[in-house]
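J.: Let's have the full structure, built from the sequences with the hints guiding it.
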Amino acid sequence: MSVVLVVNDLTIRTPERRLVEGVSFEVHQGRVTAIVGHSGSGKSLSARASMGVLDVDPGLERGSLLYPALSGEKDWFEGVRGQGMGAQRRLARDTARYRGSYVTYSPQSASSALNPGRSIGQQLAIAIGRRETPPADLGGAIRDVLKEVGLPPRAAYAVPSELSGGMAQRAAVAIAIAPQPKVLIADEPETGLDPVLRRVVTELMLEVAANHGVALMLITHNMDTVRRIADDVVRIGPHASGTEDV
Amino acid sequence: MSDAPIVDFKAVSKTFVLPGAWPWSPKREVHAVRDVSFQVAPGEVLALVGQSGSGKTTVSRCVLGLESITSGEIVLEGQRWDTLSERERRTKRVKYQYVPQDALSALDPQQTSLEHVVESLTVLGGVSREEAHKRGAEMLESLGLGHRLNALPREMSGGEQRRVTLARVFVLQPSLVVADEPTSGLDPDRQESVLEDLIQNLPKGAGCILVTHDMAQARAWCHRALVMLEGRVVEELRFPDGQPTHPYSRMLFDPWGEHDLAQSTAI
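First to last, the sequence lines map onto chains L and C.
Heads up: the first sequence is residues 0 to 245, going by numbering that gives the first Met the number 0.
Heads up: the second sequence is residues 0 to 266, going by numbering that gives the first Met the number 0.
To be clear, the hints were calculated from the coordinates, so they are not data collected in a lab.
By construction, the Cβ of each residue, glycine as well, lies at the ideal position given by its N, Cα and C atoms.
Hints may contain errors.
[Unchecked claim] Partner residues aside, some chain C positions facing chain L, computed with beta carbon under 8 Å:
id : residue
1  : Ser-51
2  : Pro-99
3  : Ser-183
4  : Asp-186
5  : Leu-251
[To be verified] Here's a subset of chain L near chain C, in silico, CB distances under 7 Å, partners left out:
id : residue
6  : Ser-38
7  : Gly-39
8  : Leu-162
9  : Gly-164
10 : Thr-190
11 : Pro-194
12 : Val-195
13 : Leu-196
14 : Glu-206
15 : His-220
T.: Here it is as structure tokens:
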């Protein structure tokens, strides 16, 4: 399986301390990579950095970021290391068009992933518009994505407040997968869900990721889920990390 | 000590009337709690478990009077609670305390951990500032935060923030503590230690309602659990031996087992 994302020796700091130190991992197409670690160990910070978002000052001290399936050996952190917020803002601008297309991000709760004022169909249309080759039949593409996550076509006309918790979770997965990304980052998708819905959302993410050959990067505390679904595990903690096979 | 229940929740229902999605859409009724009855005895820890959106949080808010009820009766320590005015409740509320899910948003970003506890004691407990400082520091020390008295919320870890919310509650010596997913978002080690602090520091004879999604936590720390589905209690389990028999309870306690997931209607 080809490598779609490489992070090497990622080190991010505030003036007082290092928040992340020496984090390295690779994400492979069609595999599930779990990022695990204690609260505050830098899991979400590493995930944001791997999307080109660094919002800590002075921020990036060391490290490299590669999107091999997009830009080969290009190191996106070149010229950013040790250069502070100005360079980090430039990086965020340069990578903006790949966020939501090459890499998509599904936050902890569906409610923060969905725009409360727009229908699910409108939100899917925006997400589908980010595909490398946008489809000729947008309505058909929206129906296909909804079907894939188990939602009826009428869900396209609903605003998020009209959906049940389970349907909102499915809609959030639909929006994350609609741009046909290479990497889907799911940031603790199980938080706040009951155990049954947790299983359903996890299996749904696995299924759609497998159908599209997407690399799933799962940030989680739940070791039971990791044991069940992860192909590779990256432990982030006080010491440098690396990728382990499960 | 009286054997009267701390909480007597009698056939309570709660219906929310929500506006439609658009100004011209009809209003919608959501039956969040349907005919729910239970009691919490002195010294008992009761878990509320169940589907996301099944009404667990609404029940816990109704118990504390943070939501009005549509029908039924709530009696706390032998006194009718749901019919009291807000002014009457305010003086009694100090005995019935709430531990929120999101500690960071419950804490004032400009106050230190000690100031949070002191404020609780002076405003709700009617204690002098000097006495409040002394008791607040003792309480924080007993929860392992003796070295963090002057720390601001953003300077503390998730576990430490939760302990400040616990200190703020326990320093008032409540007779009922309602904790709504107090370990949500913490890693497993910290979840365990926060729960240990919560249960072991409960004042003697106090009751506790723990809303949780973690069935292992419920089994390990609670005397009983009520399983909720679509606003109703579908099963009551007594721990440590109680085994789920209702199809949804079985799914909840063994989510990765062989189940017909279509039975969980929220999916």
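J.: Quick one: which hint numbers does this structure break? Sort them smallest to largest.
T.: The structure breaks hints 2, 8 and 14; every other hint is satisfied.
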